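2 protein chains.
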Amino acid sequence: MSPPLKNIQPFFVMEILNRAKELERLGKDVIHLEIGEPDFPTPAPVIRKVKECLDQGQIRYTPAAGLPELREAIARYYRERYHLDLSPTRIFVTPGASGAFLLLFGMLVADGDRILLGDPGYPCYANLIRLFGGTATAIPVGPETNFHFTQALFVENWTHDTRGAILASPSNPTGTIVSRETLADLLRFSERRGGFFIADEIYHGLEYAAHSPTALEFTDEVFVVNSFSKYFGMTGWRVGWAVVPDTFVEHAERMAQNLFISAPLPSQQAALAALSQECREELDQRCRSFAERRDFLVAGLIQLGFAVPALPQGAFYVYAECSAFTVDSSEFAKRILEQAGVAITPGKDFGAHHPERYLRFSFTATIPRMGEALTRLQTFLAQDRSARAR
Amino acid sequence: MSPPLKNIQPFFVMEILNRAKELERLGKDVIHLEIGEPDFPTPAPVIRKVKECLDQGQIRYTPAAGLPELREAIARYYRERYHLDLSPTRIFVTPGASGAFLLLFGMLVADGDRILLGDPGYPCYANLIRLFGGTATAIPVGPETNFHFTQALFVENWTHDTRGAILASPSNPTGTIVSRETLADLLRFSERRGGFFIADEIYHGLEYAAHSPTALEFTDEVFVVNSFSKYFGMTGWRVGWAVVPDTFVEHAERMAQNLFISAPLPSQQAALAALSQECREELDQRCRSFAERRDFLVAGLIQLGFAVPALPQGAFYVYAECSAFTVDSSEFAKRILEQAGVAITPGKDFGAHHPERYLRFSFTATIPRMGEALTRLQTFLAQDRSARAR
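Protein chains in written order, with this note's numbering: chain P, 1 to 390; chain L, 1 to 390.
Everything labelled a hint here was simulated from the structure, so no lab data went into it. Small disclaimer: the values here were computed from a predicted structure and weren't measured. Note that CB positions come from ideal geometry on N, CA and C, so glycine has one too. Any given hint might turn out to be false.
Have a look at the derived ranges for each label pair, beta carbon to beta carbon [unchecked claim]:
#	chain 1	residue 1	chain 2	residue 2	range
1	P	T135	L	G194	25 to 31 Å
2	L	D111	P	D246	47 to 53 Å
3	P	E292	L	L23	52 to 58 Å
4	L	T247	P	P68	41 to 47 Å
5	L	E24	P	S87	20 to 26 Å
6	L	S323	P	M14	53 to 59 Å
7	L	P368	P	N18	53 to 59 Å
8	L	L23	P	R81	58 to 64 Å
9	L	H83	P	R19	33 to 39 Å
10	L	T247	P	E331	49 to 55 Å
11	L	D55	P	K334	36 to 42 Å
12	L	N18	P	M14	53 to 59 Å
No more than 20 Å apart at the CA atoms, straight line, and that leaves these computed lysine-lysine pairs for PhoX-like [unchecked claim]:
#	chain 1	residue 1	chain 2	residue 2
13	P	K51	L	K49
14	P	K334	P	K28
15	L	K334	L	K49
16	P	K334	P	K51
17	P	K51	L	K51
18	L	K334	P	K49
19	L	K21	P	K49
20	L	K334	L	K51
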């Protein structure tokens with residue numbers, strides 16, 4: 001048989017992660033700041049609720065769009081958090097945000113379509129777009145625009161064959177939040193051009209100053225992706241959701257049936273419990289911990305000589321510039337892992353716009369652990385400096 | 001925004017199902033023989049095990065290919081059941097068999113590729129193939145070939161742009177099992193042509209005479225899909241697996257990372273428990289119940305005047321011919337639901353090869369309930385006959 005036709009580049013972070021695990025098996029202590037996964041456990045009330053559901057027992061397929069009571073609870077969440085009235089019929093529960101992206105790209109991306117996305121950004125977007133026959137056009141964004149699109153960038157890059165755009169706010173890997181004004185401009189622009197707009201809002205809820213606006217505040221003609229993995233801290237359950245315009249409801253239903261039949265029932269029950277008031281208080285407490293960690297990590301990195309050109313306003317990432325120390329952040333990350341036992345993700349995983357200058361640090365470890373990481377980095381940098389001086 | 005570009009036909013069974021639920025809300029009793037979902041609950045040891053895991057608590061992402069211990073347990077299952085030595089590295093745990101199909105089609109189907117599949121067959125295949133830019137070529141198969149491909153059909157239909165084929169055995173909707181000889185021929189043929197072969201084995205374990213051969217007995221250069229939904233009775237957990245050739249392992253890993261990150265952890269823990277000896281005994285008992293139900297339903301349908309041109313040898317479906325009563329099985333199914341309160345799936349959902357002659361009955365109800373369904377059908381047919389006679 002011939003080799004696979006559609007090549008997908010591996011994530012560099014997997015190489016870091018695998019080597020980290022190897023080092024751990026050899027008895028070395030590794031501090032993990034590379035993974036996009038909260039270190040908090042599933043909230044206790046969620047576990048309690050799922051166990052009750054398991055006892056009652058029929059774990060069957062649900063409707064393709066999800067349990068009606070979960071879709072209603074998500075609609076309530078939009079009412080409480082954003083003061084928005086959203087019909088539950090527009091909400092599709094999916095197997096993780098991954099499932100939501102499959103659902104949307106499956107519906108929206110056709111052969112030859114160009115889709116605009118920001119560089120640096122989440123690497124799966126481009127891979128999935130290619131899988132459905134589209135072309136992902138990565139547009140360099142930097143500190144001067146808070147690592148986000150602007151209307152000027154849309155004007156410049158939106159060609160006749162551009163069919164839509166994706167924007168993640170808070171962003172991975174930078175944690176920056178797009179302003180209300182810019183978001184409104186971008187939505188208006190893509191609507192005028194007859195294109196689609198996907199707002200990746202999976203880091204909503206993890207914000208350290210103002211709230212992120214949801215694209216749904218500005219228009220109903222938008223596709224929104226969200227997840228129970230980040231703010232709700234439930235990665236391993238694999239449950240997320242998509243909101244689609246009214247006119248796409250029927251099509252999304254068919255697409256969901258074909259792509260995944262339904263999201264797992266126990267995970268949907270977990271999601272329902274996570275939306276309860278009891279959980280939300282715990283989750284907001286965790287968000288305050290993340291804010292403290294952010295302040296601690298950013299200050300520590302700056303003190304060591306890293307630059308943080310855009311302060312993360314949400315998510316749990318610092319996209320730090322390491323040009324003071326190296327011209328190759330990938331090689332640098334490897335050496336840091338080997339010599340300091342600190343695992344971080346190099347910029348390479350997020351695009352082609354000067355990735356060699358950047359490292360992504362996740363603040364998904366406790367402050368004492370991050371303190372230890374900073375101490376190790378300090379020692380590493382001192383040795384590295386003296387080695388280069390020789 | 002313009003309407004969706006890629007249209008996917010809805011499943012007719014959803015219309016039946018929605019109407020059935022409407023009738024139930026109006027207080028009518030409906031006997032459900034339309035859905036491809038076992039009526040047995042998740043085995044008790046599985047529930048126990050998952051609850052223990054939930055108590056221990058960290059519900060995190062797993063490796064993209066699944067928990068190592070689950071992949072090893074699946075390899076053991078192949079050893080016990082098929083006397084096959086399979087490397088766990090070739091086994092990918094997926095979010096349902098749906099996830100396995102996405103994984104395989106994502107790797108294997110490129111623009112313009114023709115993929116052969118049997119008609120009647122599972123309708124999602126063609127939709128997913130189209131989604132990835134391929135063309136699904138449905139080849140009519142009938143009772144004369146036990147509703148399966150033969151080598152002659154491959155010879156006749158395998159063109160220069162044919163890139164592969166899918167075969168499900170036991171088949172949905174017919175429950176027929178391909179013979180060892182034919183399967184070996186088909187595998188040899190597609191290998192010689194440099195094409196891929198996907199064996200959908202999700203109904204393995206539910207067999208009522210001889211065991212189904214697995215395609216892996218004949219070659220390592222084959223893609224196999226299986227699931228915990230049918231024999232293991234765990235639909236709502238959404239967990240399945242794919243086996244890929246050695247040369248595809250690395251590519252499948254990347255594809256899995258992009259498509260779904262990982263299957264849900266609680267579902268993987270459930271799957272691990274389902275493979276235990278304790279569960280397997282219960283599952284084999286259920287299989288014997290299905291065998292009794294099959295005999296009961298087939299005999300009952302024949303007595304009523306339906307034809308069953310190929311006895312189901314596995315799965316839980318009877319594909320019954322209703323030409324004695326109607327020239328339009330879809331309209332007939334609707335009337336049966338309205339007048340007799342029995343929900344069944346018309347042939348239309350499974351292809352274009354004389355679907356109007358067939359109805360699919362699932363024996364996923366108890367014998368007393370199916371007895372009641374047969375009684376209602378008898379009354380319905382008598383009334384229908386006398387109405388036509390008038």
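Right, here's what the structure says about each hint:
1. T135(P) <-> G194(L): 25 to 31 Å: holds, 28 Å
2. D111(L) <-> D246(P): 47 to 53 Å: violated, 32 Å
3. E292(P) <-> L23(L): 52 to 58 Å: For L23(L) against E292(P), whose Cβ atoms are near 57 Å apart, the range 52 to 58 Å holds.
4. T247(L) <-> P68(P): 41 to 47 Å: At roughly 45 Å between Cβ atoms, P68(P) and T247(L) fall inside 41 to 47 Å, so the hint holds.
5. E24(L) <-> S87(P): 20 to 26 Å: holds, 24 Å
6. S323(L) <-> M14(P): 53 to 59 Å: With a Cβ separation near 56 Å, S323(L) and M14(P) satisfy 53 to 59 Å, so the hint holds.
7. P368(L) <-> N18(P): 53 to 59 Å: Taking Cβ atoms as reference, P368(L) and N18(P) lie about 55 Å apart, which means the hint holds.
8. L23(L) <-> R81(P): 58 to 64 Å: violated, 38 Å
9. H83(L) <-> R19(P): 33 to 39 Å: holds, 38 Å
10. T247(L) <-> E331(P): 49 to 55 Å: Distance hint for T247(L), E331(P) is violated at roughly 30 Å.
11. D55(L) <-> K334(P): 36 to 42 Å: holds, 38 Å
12. N18(L) <-> M14(P): 53 to 59 Å: Between N18(L) and M14(P), where Cβ atoms are some 43 Å apart, the hint is violated.
13. K51(P) <-> K49(L): Roughly 11 Å between the alpha carbons, so the hint for K51(P) and K49(L) holds.
14. K334(P) <-> K28(P): With Cα atoms ~15 Å apart, K334(P) and K28(P) stay inside 20 Å; holds.
15. K334(L) <-> K49(L): Violated. K334(L) to K49(L) sits at ~42 Å, over the 20 Å cutoff.
16. K334(P) <-> K51(P): violated, 42 Å
17. K51(P) <-> K51(L): Measuring from Cα to Cα gives roughly 6 Å; hence the hint holds.
18. K334(L) <-> K49(P): violated, 39 Å
19. K21(L) <-> K49(P): violated, 27 Å
20. K334(L) <-> K51(L): violated, 42 Å
This entry does not satisfy hints 2, 8, 10, 12, 15, 16, 18, 19 and 20, going by the numbered hints stated previously.
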